[in-house]
Each structure stands twice: as C-alpha cells, then as structure tokens.
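Modelling step: build the complete structure from the supplied sequences, incorporating the hints.
Those letters in the sequence shown? Residues 0 to 179, per numbering that gives the first Met the number 0, in order.
Hint data in this document are derived by calculation from the structure and do not stem from the laboratory. Keep in mind that the hints are not guaranteed to be accurate.
[To be verified] Label pairs and their computed distance ranges (CB to CB):
# : residue 1 : residue 2 : range
1 : Thr46     : Gly163    : 33 to 41 Å
2 : Thr46     : Arg175    : 38 to 46 Å
3 : Thr9      : Gly163    : 31 to 39 Å
In this text, all values refer to a predicted model and were calculated from it rather than measured experimentally. Just so it is clear, CB atoms sit at the ideal spot from N, CA and C, and this is done for glycine as well.
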Amino acid sequence: MTDIDTRTHTPAPPSPSAELRAALGEAGLNARVTASDADAQNPVRVTLLSPTDTRQLARLIRTGTKRTLKAARTLREICEGYRIGLPGLRVEQGRITLGPIRMDDAARLARLLDAEPQATERPSTTADAATVKALLARAFPQATGGGTLSVSVRENAPGLLDLGSIDARTARRLIRALQF
Numbered sequence: 000m001t002d003i004d005t006r007t008h009t010p011a012p013p014s015p016s017a018e019l020r021a022a023l024g025e026a027g028l029n030a031r032v033t034a035s036d037a038d039a040q041n042p043v044r045v046t047l048l049s050p051t052d053t054r055q056l057a058r059l060i061r062t063g064t065k066r067t068l069k070a071a072r073t074l075r076e077i078c079e080g081y082r083i084g085l086p087g088l089r090v091e092q093g094r095i096t097l098g099p100i101r102m103d104d105a106a107r108l109a110r111l112l113d114a115e116p117q118a119t120e121r122p123s124t125t126a127d128a129a130t131v132k133a134l135l136a137r138a139f140p141q142a143t144g145g146g147t148l149s150v151s152v153r154e155n156a157p158g159l160l161d162l163g164s165i166d167a168r169t170a171r172r173l174i175r176a177l178q179f
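This is how it looks when you write it as structure tokens:
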C-alpha cells in the first residue's frame, strides 16, 4: 500500500446554486440558476419561471413541508381543545413558531406537561412570569424527550410570555405528550 492509497479525498459539498440547479432539474423544472460558485455566500438568482413550473415548484415546496404543516395544525387543534390560546402559531422557515401566550395559558400548558409546581407556589394564586417560565423550562424537555423551547418574558406586556420555535419532530413529541 502506498502513501497515495492511504489518503482519501473528501469532495467539497456542492455550492448552493449547483445544489438548487440540480434539484430543479431533477424535478423537471426549467429555470436558470445563477450565482458565483466561487463564493458560497453570494445570493443565488433564479430566472423567471413559467406559470406551469411555478405551480409545480409550489407543490414541491408544500409536499416538502407537509409534515411540519400537519404538526402545526394538529398542535393548534389540541391547544384549542385545552383552551390554550396560541394566536401566533405559524410555520416559518421550516419550523413551528408558537409565539405569544397568555400567562394563565402558559401555566395550563406547563401543568398538562406534568410540571411540578415549586414548593412556594400555591395552586390558587396566579403564577408570575418567572415562575411559569421556570415551569415550562423544566416540563418541556421532559415531555418531549429532550426538545428545547425558548421562553421569554415580555417586558412591555407582563401578562404574556413569548414561546420560541420548534422543529416538526419536537412538535410531534409535544402532541403525543398532550394527547395522553
């Protein structure tokens, strides 16, 4: 065995424009993709698509995001069943953003996820933002098998918390935890 035989060459990943060009071609879509392949940070430009190709591209995107959209819809339905308002729940950039939640709804969500109240908390008192945030921070990973959720207190609206975004896999685990 020679020194040349022992060396392996890992090919560089394709540039973003080359990857998009290949994907569009595999889908049978006729679009010219341009970018400076020498610099992977340059924006990629797609030329005008025909109406037929545009519809096909929209269908492909929806198919690719189908599981995420379904998880968001199911999560919304379950939360509505528990009377937990998540008016900002939406899919953005392939993730499910939960958005703002009222303090009492956040406390109810934490209890549904089997959050253990702190020793100082009395069930009849309204929990403060820091307490509810802490409850969710402990309960969410346990209920979703390690999933994470950012929770922040709104400074200008003391009765609201902001819940971050989760991926579809974590959303499906959350759904299972809420379904009993």
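Hints versus structure:
no., hint, result
1, Thr46 - Gly163: 33 to 41 Å, "36 Å, holds"
2, Thr46 - Arg175: 38 to 46 Å, "44 Å, holds"
3, Thr9 - Gly163: 31 to 39 Å, "35 Å, holds"
No hint from the list above goes unmet by this structure.
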